[in-house]
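**Q** Sequence order for the protein chains is A and B.
The opening residue of the first sequence carries number 2 in my numbering; numbering runs sequentially from there.
The opening residue of the second sequence carries number 52 in my numbering; numbering runs sequentially from there.
If you're looking for bench data, these hints aren't it; they were derived computationally from the structure.
Keep in mind that a hint or two might mislead.
Stated by the list, open to error - In silico contact screen, one side only, chain A against chain B (beta carbon under 10 Å); selected entries:
1) 79
2) 83
3) 85
4) 86
5) 101
Stated by the list, open to error - Simulated coverage check for chain B against chain A, where a stretch passes if three residues somewhere in it have a Cβ under 8 Å from a Cβ of chain A:
6) 56–63
7) 357–363
Claimed, not checked - No more than 20 Å apart at the CA atoms, straight line, and that leaves these computed lysine to aspartate or glutamate pairs for EDC-like:
8) B:353 x A:95
9) B:353 x A:101
10) B:57 x A:101
11) B:441 x A:61
12) B:57 x A:137
13) B:185 x B:174
Note that the Cβ used here is the ideal one computed from N, Cα and C, for glycine as well.
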Amino acid sequence: MDSIRLEHTFPEVFAKRSDLQSDVWQQDVTFERGKLYLVEADSGTGKSSLCSFIYGYRQDYQGIITFDGQNIRNFKTRDWTRLRRNNLSLMWQELRLFPELTAMENVMIKNRLTGFKRRKQILEWFDALGISDKVDTKVGIMSYGQQQRVALMRALAQPIDFLFVDEPISHLDDGNARQMADVMMEEATRQGAGVVVTSIGKHVDMNYDKILHL
Amino acid sequence: MILVWKLLRQHISGLQLLGFFLANLLGMLIVLLALQFYRDVRPVFSQEDGVINNDYIIISRRISAFGVGTSSFTKNEIEDIQDQPFTVRLGAFTASQYKVSCSMGIEGVANFGTQMYFEAVPDLFVDTDRSQWKYEEGSDFVPIILPRSYLSIYNFGFAQGRSLPQLSEGVVSMIDMTVLLRGDSKEFRMRGKVVGFTNRLNTILVPESFMQWSNREFAPGADADPTRLIVEVGNPTDDRIAKYIQQHNYDIDEDKLQAGKATYFLKVMSGIVMGVGLLISALSFFILMLSIYLLVQKNTVKFRNLLLIGYSPAQVSLPYQLLTIVLNGLVLAIALLMLYVLRQRYMNLLWAMFPTIEEGTMRPAYVLGGVIFLLVSVLNVMAIRHKVSKCF
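So here's chain A without its partners, still in its complex pose:
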């Protein structure tokens, strides 16, 4: 998958708003593979909605979203399952980890599905992200910042054409945020993936190809 295009798209809840000032909503926007985007937003402007529309689990939008020219409204469950394994990855703002599993198990539950990374590589990530002592700790008792790092690793344990990270560093200090950005960009660059980072203010300084205001 090489491009994600939004044509005049906006969330249905905004239908009655006439004061919509956005680089994304009601515009024609294309995300291209291999590029890095930052979507800046104030809270309540539909940042997480954007991710959920593109990731296929909410359809309450107007306009058209296409993957390589194909309208995603026509996709079936089977198509989405395939896309989520092989093309599209999302790190949720709310993380969606399984608190009863350990950090490693949370990454492995995705990696077993894709068979994409070896355990050794995943342990290297743990190391690089500074939580190598938490490998066998249940996610439920880890801090939110630590959980964010586990969620990132899970998001990276698959083939990626496009990676969406929804406020990835909201609970991290600058040092840890930097490490996380490095791990993410290393993997994304290696795969030639497009990366879309959303943020409500705090974001890592990276070489963004485009900065959009939502």
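Model the placement of chain B on the given structure of chain A, informed by the hints.
**A** Just chain B, lined up with the frame of chain A:
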């Protein structure tokens, strides 16, 4: 898959599953036991001899004290019986209108001969192995079915007193008989062989086609009314049969009617018990479904997250589907085991009372149990899949 199971096994209520397990086991056992018991006990009542099936009665006219008056049925009377609501099918006994004598011997030396007669009923009423039960015009061979009591009379009365060998059914079936048919103007010699024995029909039976041919050939014009009728009835316990028979001063085999009644009651009882068993099975099925639905409900967030990270609905459904299939399989296995033990016990009792009863098999229970298992499992699997798909 291990990780998925580790996730999804949470919230599984052992108590609910145990409840389902016991209820389903009880239901399954009752259904299978009812069927198996019915199949095992039925021969006791029906004494099936394979010649005449169960729900048939034989009607004759009551013979008066001095043997006066007619003993045959007129066409009108037959039609009247045919029109009765209890009648399913009716056939007339046709008697031979000519003289028959029969001799049997070994290696061509005739050493036992007797005068006799033949009767025939429509082939439809003979449900023995019909491969031998046919006669083709021009053939000189005629198959015969004998009442079993005739053999007893020979074996225990005649042979004993004259130090003659006793004959088994198998031996009798091997004996070649020479049958001599004698009409007014001609006679014909043919070969005869006993192809079966009956407990029910107190007559010497030949195929109807043979009877038609021989009566035409040896007693042309003598078209006598039948003296006995065989009637297939829908329900042998029907009051109207007894009433009708009494009103018209007919005779039927009471014993036969009793056996029919007993079989009918056995059928009804087994039906009721099976119905109760099926009801319990159905209820237990709902317990399981509710339990699974509750589980899915409790785990909705997990299901949703698994689907969002790329698991397919089929993969996510699989653990619970396997769980139900294993449970159902376990229920079937244990129910069959319990049935086996119970059956041993009641069969021993039955053998003590009726030594001749056949051992039979548990195949009906296997088949029915398998069908229930498949049906319930397929429904479970589909329902779980449906419920999980809704999380997508």
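**Q** Taking the hints in turn, state whether each one holds.
**A** Do the hints match the structure? See the list:
no. : hint          : result
1   : 79            : holds (7 Å)
2   : 83            : holds (8 Å)
3   : 85            : holds (4 Å)
4   : 86            : holds (4 Å)
5   : 101           : holds (6 Å)
6   : 56–63         : holds (count 3)
7   : 357–363       : holds (count 7)
8   : B:353 x A:95  : holds (14 Å)
9   : B:353 x A:101 : holds (11 Å)
10  : B:57 x A:101  : holds (9 Å)
11  : B:441 x A:61  : holds (17 Å)
12  : B:57 x A:137  : holds (15 Å)
13  : B:185 x B:174 : holds (9 Å)
Of the numbered hints listed earlier, not one is contradicted by the structure.
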